[in-house]
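Mind docking chains E and Z on chain X? Use the hints.
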Amino acid sequence: MITAQGIARTFPGRGSMLRREPVRALRGIDFTIPDHGAVSFIGESGCGKTTLGRILCGFEEFDGGDLIIDGQSMKALRSRDRAQYFRRIQMIHQDPYSALNPTRTIGQILGDPLHLRARQTGAAAGWVRDRRAELLGLVGLDPDYVLPRYPHMLSGGMRQRVVIARALTVDPEVLVADEAVSMIDVSLRLGILQLLQGLRAKAGVSLLFITHDVATARYLGPDGELYVIYRGMVVEHGGTDAIIRHPTHPYTQCLLSAIPVLRGIEEPGPDRLIPLAPLDERTQPPGCLFEPRCPQAAADCRAAVPELTQRADASPGSASPGSASPGSASPGSASHEWACLHPETRSVVATVAS
Amino acid sequence: MSVTASLPPEQLQKAVTRSRTVSATRWRILVRTPGRVISLVIVTGFVLMAITGPYLYPKNLPINANDIYAPPSWAHPLGTDFEGTDVLALIVTGARYVLLAAFIAAIVTLVIGTAAGLIAGYYPRSTGRPIMRVTDFILAIPGLPLLMVLATIWSFGSPQQMGLVLGITGWGGIARAVRAQTLSLRERGFVEAARGLGLPGRRIIGTEILPNVAPYVSMNLIMQVTGFIYIEVGLFFLGVVKYSSSNWGVMLNNAVFQADALTNTRALSYLLSPLICILLLTIALVTLANVGDEIFNPRLRKI
Amino acid sequence: MAAPVKPETATGAAVRVRDLTVAFRTQEGPLPAVSHVNLDLVRGQITGLVGESGSGKSTLALALLNAVPAPGQVVEGAVEIDGVGDVLALRRGALRKMRGADIGYVFQASQNSLNPLKRVGKLLLDLGRSHGLRDGRALIQQSKALLADMGLDATRVLSSYQHELSGGMRQRVGIVFALLLNAHVLILDEPTTALDMLSQAQVLEIIRRIHAERHLTTLIISHDMSVIGDLADRMAVMYAGRVVEEGPTASVLACPRHPYTRALLAAMPRITGDTAGARALPGRPPDLMSIPRRGCVFEPRCPLATPACLDDEPPDTYTGDHRFACFVTAGETQ
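Protein chains in written order, with our numbering: chain X, 1 to 354; chain E, 1001 to 1303; chain Z, 2001 to 2334.
The following block holds chain X by itself, in its conformation from the complex (with noise of 0.2 Å):
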């Protein structure tokens, strides 16, 4: 189980040496990723979510809150000792071609860390060859066909299988896809989130999954959970349909208005909003972070920084029943909660035709 608590980044800004300005990334992130969980990360490009998924594998640092690995404070440890915590965290990469270095065979690619492991752990030899041949099968890929050939000869869909099955190699916990399936054909993208789904169960892994396309994160698994990011905060949680029926934070709101509605077959939402302006990372807003861009500011917007709060007087339809304490979860599924000072569940998303 990962657990994050206030997680902040600042990077030093670009520009010239007299006006660099810092770029905070990541303005405290709170979240729990559940075993054999899956939770799912919106937002534009820019929010810092592919950040997000880049610190949790150990990839970046991250200089304010803490990160909790299976009970332990990687905070706390001296940065060759998170080696083998990151290492629990497996990242799916957007791009499954530079994912894998072209110049060697599948069999290669998947050979090494499974050798490694061999050595570390005595193991008899032919298990790699094992090994790789279930991994493969996990995956869906045929290991005669695939083993021989170089990734250029592979599709898109096959390579990032190859790259999920390398994930699996060291027996991780959590698999990060960071715009997973952005860069595969439409054809091929459910084979993938399917995949990812079933290994929930089959290799007890919780999924981090990343993405601009709210719709894939549909197909992860029923209990999926959704976290909106914008500008590097959290401005609504809960469960993935929740929030995809009853979204609150007019950001929320504006990602559902922006989805293509298919003529014919689906009606728009009556009730969709389009940000006001595009994102501009300089401004600094001195109440709510997305007051400039909001459709629904009003005048108290700009005086306070709304926290992450649940809360009993949203409007009729929103996904907390009634209760007035932050935390408290509905049956079944996580808790609905979202940061604004004046949350409205608005009907954004389209409707099948009647």
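Certain hints may be false.
Unchecked claim - Distance windows between CB atoms, simulated: (1) Z:2135 <-> E:1143: 54 to 64 Å; (2) Z:2028 <-> X:134: 35 to 45 Å; (3) Z:2307 <-> E:1202: 51 to 61 Å; (4) E:1123 <-> X:123: 22 to 32 Å; (5) X:35 <-> Z:2277: 27 to 37 Å; (6) X:198 <-> Z:2307: 32 to 42 Å; (7) E:1202 <-> X:78: 13 to 23 Å.
Said to hold, decoys possible - To be clear about the criterion: a stretch of chain X counts as covered by chain Z if any three or more of its residues have a C-beta under 8 Å from a C-beta of chain Z, and this derived list gives those stretches: (8) 266-277; (9) 347-353.
Stated by the list, open to error - If you want the footprint, here are the derived chain Z segments under chain X, 3+ residues with CB under 8 Å: (10) 2181-2188; (11) 2198-2205; (12) 2225-2235; (13) 2261-2268; (14) 2277-2289.
Read the hints as simulated data drawn from the structure, not as lab findings. Predicted, not measured: the structure shown is a model, and the values here were computed from it. Idealized CB from N, CA, C, for every residue including glycine.
Below, chains E and Z alone, put in the same frame as chain X:
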């Protein structure tokens, strides 16, 4: 996608079996175009010359005072020199020094430069810094003047000595370039993944990074060989290095300064023979240089 | 395949593609990337072309400009554009003029198709000059108007280099390039790939508006069915170099007749509908080498395949102005 990617199953199995033999694939790449085949023949020819040349002729080549600067004839296909020695014999025996020195120099720069570049690129903030200081120092050394100064105390009689010195003063460029490539490769998905999987740094450098810089290094190596040939031939031609053995640079030196070959046509073949050999060899090497890219980068293969 | 007799639209089409075949020279001989394609782009309508990698959609788009790169070449067919004639018969000078003045082509934002060494304003002036428009001031004025129309800060964009602009901005600049010379046909190749949801919605809205304001004939090419489904009035589905289904968007999506269209809709991750009802497509999209040489190209992956599908390519079946090519579903009654 490469052509083999989606042939029908039976053909694919054959193609895959064929490519299974690494050396078979490399051979096919080498002989793919006529230009490459000719270049291969030329280089092989010169290498054979270098290896066997001195054994085909006596140690001291015969001189014939009656036959100096003779034009090409059946007895002397390339003419004779200022002592009446057969120019062809000179070319063949002189090849060894030129090629061996260049080859040794190239190996030395390859090994030192690549190792330095890989380590400096992969550990840029720790070990990399002192390595780059040394590299910058080496780069700053003016190669030719240094060799000229060294030549006053050292006669470079053996090609190994020449090769070693050329190599030790010349690895800076490769180190720089390999370091730059390593730095960028380090950020690629598969290298990051290898780190995340817990593979040790040595292994990552050797199996992930090195094969991806290999195309550049191999091409650079071949170009460096041509560069070293020029330097050493140049040194001997300028007369800076006192010669104690015959080689092509010495021939050029004699042709220009003793036979005045640039102003009269008396010893034309004596002048042209080493020049043309250098030219042929260089062109052949350059043609073969892009073979390295195809060998090490399976994506570019057209087979 | 001879051009089918279409019920109407023959006169309303600004671009008529007839029996177009584009083949690539390979070691195995010439292989078709686009095969006997018939397509009409109706004036004033947005037509969408959906296809995955290897479907030939980009090759088809380039063929409309007669810009297919070697080793590909147009083997058969014609592309007629109103006011220009058969594009494939044009010689170099007329061809160059047509590109830009009659057809505007917008590349993907992620394909760095803008010269990285020159500022955007300079590039726009270059474009105008290469078409004989020497009045720089007028060009800049027009560019500024177009850029403002796209919701961009014109002065800032004109003085920027391409790497200083975000993906969404680059895409919009690409559209400005295509429209600067007042083309009446606009082709957009993957206009929103690599853009996030908000930028994508913005670009689609701009395309919709520009199309309506200028009464253009627009062709949108995408692998993303939802983009086509939202924006296009008519849509065509391409598979392995052939148009397998084509018709009004609402009709094709509500009543898909070709098994590939149906499978694609079932396999597409969607925001509506039951996730449990989704079915992944077996196999993978074919590329040049693996397209079946005989019979229906979709047969290897088709859930409805019969032995008859191995012998011949299915002809087009029409229901109104909705056509599709399948032996099996042709027999279905509505």
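For each hint, the structure was consulted:
no.	hint	verdict
1	Z:2135 <-> E:1143: 54 to 64 Å	holds, 57 Å
2	Z:2028 <-> X:134: 35 to 45 Å	holds, 36 Å
3	Z:2307 <-> E:1202: 51 to 61 Å	holds, 58 Å
4	E:1123 <-> X:123: 22 to 32 Å	holds, 31 Å
5	X:35 <-> Z:2277: 27 to 37 Å	holds, 28 Å
6	X:198 <-> Z:2307: 32 to 42 Å	holds, 34 Å
7	E:1202 <-> X:78: 13 to 23 Å	holds, 22 Å
8	266-277	holds (count 3)
9	347-353	holds (count 5)
10	2181-2188	violated (count 0)
11	2198-2205	holds (count 6)
12	2225-2235	holds (count 6)
13	2261-2268	holds (count 4)
14	2277-2289	holds (count 6)
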